[in-house]
Amino acid sequence: MDSFKILVSDFLLSRVREPLIILGIIAVAIIAVTAVFVGIELKNNGRGENDA
Amino acid sequence: MKKKTNIEVGWLYAYVHFITEIVCFYVLGRKLGDSAFLWLFPFIYDELAFAPQSIIGYISDKFPKINMGVIGTFLLAAGVLFCNVDVLPGDFTALVILCIGNACMHIGGAEVALRCSGGRLSHGAIFVGGGSFGVIAGKLLSKTPIPFYAVILLAFTMIPFVLLAETYRKKADAESVCPCAGFDYHSKNISPVLVIILTVFVVMVRGYMGYGIPTSWNKTVIQNVIFYVTMGIGKMAGGIVGDKIGVKKTAMISVIGALPFLIFGDKIMMVSIIGVMIFSMTMSITLALLVSVLNNSPGLAFGLTTIGLFLGTVPIFFFKFTTVQANCVLITVLSAVCVAVFQIIIRKEENKHGQLQNTCQ
Chain A
1 MDSFKILVSD
11 FLLSRVREPL
21 IILGIIAVAI
31 IAVTAVFVGI
41 ELKNNGRGEN
51 DA
Chain B
1 MKKKTNIEVG
11 WLYAYVHFIT
21 EIVCFYVLGR
31 KLGDSAFLWL
41 FPFIYDELAF
51 APQSIIGYIS
61 DKFPKINMGV
71 IGTFLLAAGV
81 LFCNVDVLPG
91 DFTALVILCI
101 GNACMHIGGA
111 EVALRCSGGR
121 LSHGAIFVGG
131 GSFGVIAGKL
141 LSKTPIPFYA
151 VILLAFTMIP
161 FVLLAETYRK
171 KADAESVCPC
181 AGFDYHSKNI
191 SPVLVIILTV
201 FVVMVRGYMG
211 YGIPTSWNKT
221 VIQNVIFYVT
231 MGIGKMAGGI
241 VGDKIGVKKT
251 AMISVIGALP
261 FLIFGDKIMM
271 VSIIGVMIFS
281 MTMSITLALL
291 VSVLNNSPGL
301 AFGLTTIGLF
311 LGTVPIFFFK
321 FTTVQANCVL
331 ITVLSAVCVA
341 VFQIIIRKEE
351 NKHGQLQNTC
361 Q
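Protein chains in written order, with this note's numbering: chain A, 1 to 52; chain B, 1 to 361.
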């Protein structure tokens, strides 16, 4: 596995673990809200299903 | 008969996008000089500038009177100010303001360019392409002694362009119930949900591939400038070529055509930049596909592409392949996947602009 490199060392990861968890939660929340918006849009206005 | 569209809107927002990226990468370049921020700072930027664009885009779709461009300009200016004047609590508060400003600018541009395009790809492509020039300009500017208030003044030069572009958007909205109805490029044989998932997947793959392209030739500042300029031209060309020869052909050319140039261009700049240019053309295809499915919500559709880009770049922060051979294998495999996805989700007979219906279904 010489071609594969882990960029984040344990030392660095230990320093940024807390912000990473917060960022992870934010990302998941944004994606979940976006999925809801997409669902609403497809249900209300999406033409794809009508045309299929 | 082809519907007349305002291509100048794309150029107006290409300038706005250019300045936006200059402002953001000026701040990032300055902050990256501080080792405490190394790694985490660009990660936060990637997440908070890219991911929220879907939510901001949806708000903009539903409340068109909110001028995201103007809001974004003031947030960017505030972000630069607070990154340099330490008055806000927390290490990253100013960066968050900058990121949200960046997101607002992108959504403002997407709304205007897509609504005024009459279903063409070139408007959005020109707007997006302008950003690549700004990224490298901002990086270079951050290494100069230019003071932050000069960059704030530069940010405010966007206001007239944003306001002028807004008049085009109002005109497009007044002329049609659904200005983006002209985007009709996805296959109707598969579920719209699947089209969205697969398109976002392609954007993710592209985002990851962008970092895996072997470019050992890229060592000097001039070569770096050439790399980013080529990328910007490629993004713009993707939309223009897509309008000329069709979305499906452009998609296939941009993925298959770029492959040999990317693989064999590791040490030869001319070969590599041809590959980068062709590879960058995919951007406008994925955007057009998402707007095609969500033609009442161009802001939300644009935001989905940026979520895909964010998700595609996340792995880069943690691990990557370090040998040219491994990257070449990865690029080949991912390109094959993208070709298969495009074959499935893009409709065979593309809608001619003369036959477009200007109403939502």
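To be clear, the hints were calculated from the coordinates, so they are not data collected in a lab.
Certain hints may be false.
[Stated by the list, open to error] Computed list of lysine-lysine pairs in DSS-like fashion (alpha-carbon distance at most 25 Å, straight line):
# : chain 1 : residue 1 : chain 2 : residue 2
1 : B       : K219      : B       : K143
2 : B       : K320      : B       : K139
3 : B       : K188      : B       : K249
4 : B       : K139      : B       : K219
5 : B       : K267      : A       : K43
6 : B       : K62       : A       : K43
All values derive from a computational prediction rather than experimental measurement.
Hint-by-hint comparison with the structure:
1. K219(B) with K143(B): Holds. K219(B) to K143(B) sits at ~17 Å (cutoff 25 Å).
2. K320(B) with K139(B): holds (23 Å)
3. K188(B) with K249(B): Holds, at roughly 18 Å.
4. K139(B) with K219(B): holds (15 Å)
5. K267(B) with K43(A): violated (50 Å)
6. K62(B) with K43(A): Judged against 25 Å, a Cα distance of about 15 Å means the pair holds.
Figure legend: structure checked against the earlier numbered hints; the only hint not met is number 5.
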